[in-house]
Amino acid sequence: MNVTVRYMAQLRQAAGVGVEQIELNRPCSVGDLMRHVADRRGGQFRDLMLDAEGQIRPAVLLFIGDEQVAADRPALRDGDVATVLTPMAGG
Amino acid sequence: MAEAQPLTGPERARYEWQLWTPGFGEAGQRRLKGASVLVTRCGGVGGPVAYELAAAGVGRLVLAHAGNVRPNDLNRQLLMTEESVGRPRMEIAPRRLHELNPHVEVEAVAENVTEENVAALVGRVDLVAVCAPLFRERLLLNREAVRQNKPLVDCAMYDLEAQVTVVLPGRTPCLACLYPAEPAGWRREFPVFGATAGAIGCLGAMEAIKVLTGLGQPLYGKMLLCDLRDMTFRQTVLKRRADCPVCGAGLSLA
Chain A
1 MNVTVRYMAQ
11 LRQAAGVGVE
21 QIELNRPCSV
31 GDLMRHVADR
41 RGGQFRDLML
51 DAEGQIRPAV
61 LLFIGDEQVA
71 ADRPALRDGD
81 VATVLTPMAG
91 G
Chain B
1001 MAEAQPLTGP
1011 ERARYEWQLW
1021 TPGFGEAGQR
1031 RLKGASVLVT
1041 RCGGVGGPVA
1051 YELAAAGVGR
1061 LVLAHAGNVR
1071 PNDLNRQLLM
1081 TEESVGRPRM
1091 EIAPRRLHEL
1101 NPHVEVEAVA
1111 ENVTEENVAA
1121 LVGRVDLVAV
1131 CAPLFRERLL
1141 LNREAVRQNK
1151 PLVDCAMYDL
1161 EAQVTVVLPG
1171 RTPCLACLYP
1181 AEPAGWRREF
1191 PVFGATAGAI
1201 GCLGAMEAIK
1211 VLTGLGQPLY
1221 GKMLLCDLRD
1231 MTFRQTVLKR
1241 RADCPVCGAG
1251 LSLA
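First to last, the protein sequences are chains A and B. Our numbering applies: residue 1 is where the first sequence begins, and numbers increase by one. Our numbering applies: residue 1001 is where the second sequence begins, and numbers increase by one.
Just so you know, these hints were derived from the structure itself, not from any lab. It cannot be assumed that every hint is accurate.
As the list claims (entries may be wrong) - Only part of the chain A face toward chain B is listed, based on derived beta-carbon distances under 7 Å: (1) 8; (2) 58; (3) 59; (4) 66; (5) 67; (6) 68; (7) 88; (8) 89; (9) 90; (10) 91.
As the list claims (entries may be wrong) - In silico EDC-like links for lysine to aspartate or glutamate, alpha-carbon gap of 20 Å or less: (11) 1210(B) - 1026(B); (12) 1150(B) - 1003(B); (13) 1150(B) - 1107(B); (14) 1150(B) - 1126(B); (15) 1222(B) - 66(A); (16) 1239(B) - 80(A); (17) 1210(B) - 1126(B); (18) 1239(B) - 66(A); (19) 1239(B) - 67(A); (20) 1210(B) - 1003(B); (21) 1150(B) - 1115(B); (22) 1239(B) - 1182(B); (23) 1210(B) - 1052(B); (24) 1239(B) - 23(A); (25) 1150(B) - 1116(B); (26) 1222(B) - 67(A); (27) 1210(B) - 1016(B).
The beta carbon of each residue, even a glycine, is placed where N, CA and C say it ideally should be.
I would like the entire structure built from these sequences, with the hints used as guidance.
Right under this line is the structure:
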């Protein structure tokens, strides 16, 4: 199945792209997917996404469609658009 | 919320074009005149928030921002001027607001939000506009707004992206639901144009006006995500954390 992932803020800068298509072999959560992508990309992307224990950082906001979701549920479905938003602030 | 205040003839003339807004009118203007807003800080986002609230006729603004104007503030901090470089921000900001609208009461506090001052700052107003670059300040404001049951508008940006949301304590997610702790390694400098900061600041000001006057549908529990690179604007629905230490279920609010 295929999903679309949109990156925002610093994560977009670290990824070098704002959106990518990902093919999944099995259902998984956004958190599972991002842990996998972060491990594969490494570097600043990984540092932005994962803490020292390899868990999704609590301040990273995850969405499927327009609904905020937890890292570990629900499972992504074919055609879903996920958004990953690293923290922004004012100033 | 404070009581609505009657309007003078000059005020009706000044606000004429917004008095024509369906759902607002004289009743809305009077509510706005009776209302007060804390804007902190008053930089790229907060400056436009304060300016638009002054333009709209909010009754009182409390501004909080420490330090002096720097040259690299001037790409986005629209209350500051070339001449004010090196001078305290809270010296120029009230003057600039009063040049636009002398009817607005402005209290300028030359401090950023701290544990020591946050309760008093939030206690002086009806609504909090969070425009700060440091999560420590945002989370303090959030905690205090929830404790005092005051609505909060939060604006943020990075590069050409921006976000705005409205917190209604006890009903919507609060900022601690979204950001349970200060993000590790957070850097307060980031790429941004004044037009992006100004855009989200103006949207934040409009949200504040809506909350204070009952106009339209504020972004209660929703976050508007803006991408000015391709002009994609999306509303997302946020989730409360049941175990949020600030607003979690089972905690009583003051």
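Exercise. Against chain B, is residue 68(A) within 7 Å by beta-carbon distance?
Worked result: OK, holds: residue 68(A) within 7 Å of chain B, min 5 Å.
For this session: Identify whether the interface hint at residue 90(A) stands, where standing means a beta carbon of chain B within less than 7 Å of its own.
Result: Holds - the Cβ of residue 90(A) comes within 7 Å of chain B, reaching about 4 Å at its closest.
For this session: Sort out whether residue 67(A) lies within 20 Å of residue 1222(B), counting only the CA atoms.
Result: Distance ~9 Å between residue 1222(B) and residue 67(A) Cα, so the pair holds.
Problem set entry | Pair hint residue 1239(B) and residue 67(A), alpha-carbon separation not exceeding 20 Å | Since the Cα atoms of residue 1239(B) and residue 67(A) sit roughly 8 Å apart, the hinted pair holds (cutoff 20 Å).
Exercise. Under the criterion that the straight-line Cα-Cα distance not exceed 20 Å, is the pair residue 1150(B), residue 1003(B) satisfied?
Worked result: Holds. Residue 1150(B) to residue 1003(B) sits at ~15 Å (cutoff 20 Å).
For this session: Double-check residue 88(A) for me: the hint is only fine if its C-beta lies closer than 7 Å to a C-beta in chain B.
Result: 4 Å, holds
For this session: Take a quick look at whether residue 1210(B) and residue 1052(B) sit within 20 Å of each other, Cα to Cα.
Result: Holds, at about 13 Å.
Exercise. Is it true that the CA of residue 1239(B) sits at most 20 Å from the CA of residue 66(A)?
Worked result: Distance of about 11 Å is within 20 Å: holds.
Problem set entry | Satisfaction of hint between residue 1126(B) and residue 1150(B), Cα-Cα up to 20 Å | Distance ~6 Å between residue 1150(B) and residue 1126(B) Cα, so the pair holds.
Exercise. With 7 Å as the cut and Cβ atoms as the points, is residue 91(A) at the interface with chain B?
Worked result: Given a least distance of 3 Å, the restraint on residue 91(A) holds.
Problem set entry | Pair hint residue 1239(B) and residue 80(A), alpha-carbon separation not exceeding 20 Å | 19 Å, holds
Exercise. Can we keep the residue 89(A) interface hint, with Cβ of chain B closer than 7 Å?
Worked result: Result: holds, 5 Å to nearest chain B Cβ.
The structure does not agree with numbered hint 24 stated previously, though it agrees with all others.
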